[in-house]
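Chemist: All letters in the sequence shown, in the order written, are residues 1 to 130 by our numbering.
Wrong hints could be hidden among the right ones.
Cross-link-like lysine to any residue pairs, in silico, SDA-like; alpha carbons within 20 Å at most [claimed, not checked]: (1) Lys4 to Leu52; (2) Lys47 to Lys22; (3) Lys47 to Leu31; (4) Lys4 to Ala63; (5) Lys4 to Arg59; (6) Lys47 to Thr99; (7) Lys47 to Ala63; (8) Lys55 to Glu87; (9) Lys4 to Gln21; (10) Lys119 to Ala104; (11) Lys4 to His85; (12) Lys103 to His32; (13) Lys68 to Glu50; (14) Lys103 to Glu50; (15) Lys2 to Asn40; (16) Lys2 to Ser125; (17) Lys47 to Ser6; (18) Lys119 to Leu105; (19) Lys4 to Lys103; (20) Lys119 to His32; (21) Lys103 to Arg59; (22) Lys47 to Arg59; (23) Lys103 to Gln21; (24) Lys22 to Ser113; (25) Lys4 to Glu37; (26) Lys103 to Lys119; (27) Lys4 to Tyr45; (28) Lys2 to Gly118; (29) Lys2 to Glu17.
Ranges between beta-carbon positions, derived for each pair [claimed, not checked]: (30) Arg58 to Thr126: 44 to 52 Å; (31) Glu90 to Asp70: 40 to 48 Å; (32) Gln107 to Glu87: 16 to 24 Å; (33) Leu9 to Pro96: 14 to 22 Å; (34) Gly118 to Asp39: 40 to 48 Å; (35) Ala25 to Asn82: 14 to 22 Å; (36) Thr72 to Glu94: 40 to 48 Å; (37) Lys47 to Glu17: 21 to 29 Å; (38) Pro96 to Ile117: 37 to 45 Å; (39) Lys47 to Trp122: 43 to 51 Å; (40) Ser125 to Thr75: 44 to 52 Å.
Derived from the structure by calculation, the hints contain no laboratory data.
A virtual CB, placed ideally from N, CA and C, is assigned to each residue, including glycine.
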Amino acid sequence: MKVKLSAILNAVPVLRELMRQKLPATQAFALHLIITELDNHLTAYQKAVEGLLEKYARREGEAWSFRKEDGTEDTEAVQAFNREHQELVETEVEIPDRTLSLKALEQAGVQLSAEDIGKIFWLLSTQEEV
Numbered sequence: 001m002k003v004k005l006s007a008i009l010n011a012v013p014v015l016r017e018l019m020r021q022k023l024p025a026t027q028a029f030a031l032h033l034i035i036t037e038l039d040n041h042l043t044a045y046q047k048a049v050e051g052l053l054e055k056y057a058r059r060e061g062e063a064w065s066f067r068k069e070d071g072t073e074d075t076e077a078v079q080a081f082n083r084e085h086q087e088l089v090e091t092e093v094e095i096p097d098r099t100l101s102l103k104a105l106e107q108a109g110v111q112l113s114a115e116d117i118g119k120i121f122w123l124l125s126t127q128e129e130v
């Protein structure tokens, strides 16, 4: 299945919370496989962001700055960084077609808000077991 990096980034907090919960073994296994695959894409994303920062920003100690040598903000660099970052998060990546069973999660006592479901809907199935 294809998914945008932005969807993966939005799903991370919900998936971290799910990882902390006891789930039926099949769902825990599926979640582990999903997270392992997504982690590869997140690592590549982080490297790409670092590349953009190196291209458009200056390192000041441990932080990055979009300031020119004279201390003024480099608005052109900020705009270019934002434009390329937006293109990056809109990139579609291929992930295995694995899902979590909403019914199994519910039976395990997992509670999700509508916001949480919105962030991981592409990973959920309404079938009994997946």
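Chemist: Given the hint that Lys68 pairs with Glu50, test it: the Cα-Cα distance must not exceed 20 Å.
Modeler: holds (19 Å)
Chemist: Sort out whether Gln21 lies within 20 Å of Lys103, counting only the CA atoms.
Modeler: Answer holds: Lys103 to Gln21 is near 15 Å, not above 20 Å.
Chemist: Given the hint that Lys4 pairs with Leu52, does the C-alpha gap stay at or below 20 Å?
Modeler: holds (19 Å)
Chemist: Between Gly118 and Asp39, does the C-beta distance stay in 40 to 48 Å?
Modeler: violated (22 Å)
Chemist: Mind checking the alpha carbons of Lys55 and Glu87 for me, to see if they're no more than 20 Å apart?
Modeler: holds (15 Å)
Chemist: Does the Cβ-Cβ separation between Lys47 and Glu17 fall within 21 to 29 Å?
Modeler: holds (26 Å)
Chemist: Within 20 Å, alpha carbon to alpha carbon, are Lys4 and Lys103?
Modeler: Outside the cut-off at roughly 26 Å; violated.
Chemist: For the pair supplied as a hint, Lys2 and Ser125, is the alpha-carbon distance within the 20 Å limit?
Modeler: holds (16 Å)
Chemist: Given a hinted range of 14 to 22 Å, is it respected by the beta-carbon distance of Leu9 and Pro96?
Modeler: holds (19 Å)
Chemist: Can the restraint linking Lys103 and Glu50 be considered satisfied, given a maximum Cα separation of 20 Å?
Modeler: violated (40 Å)
Chemist: Compare the distance between the alpha carbons of Lys47 and Lys22 with 20 Å, and conclude whether the hinted pair is satisfied.
Modeler: violated (32 Å)
Chemist: Given a hint of 43 to 51 Å, does the C-beta separation of Lys47 and Trp122 actually sit inside it?
Modeler: Violated, since Lys47 and Trp122 (Cβ atoms, about 24 Å apart) do not stay within the stated range.
Consistency with the previously given hints fails for numbers 2, 3, 4, 5, 6, 9, 14, 19, 21, 29, 31, 32, 34, 35, 38 and 39, ordered from lowest to highest.
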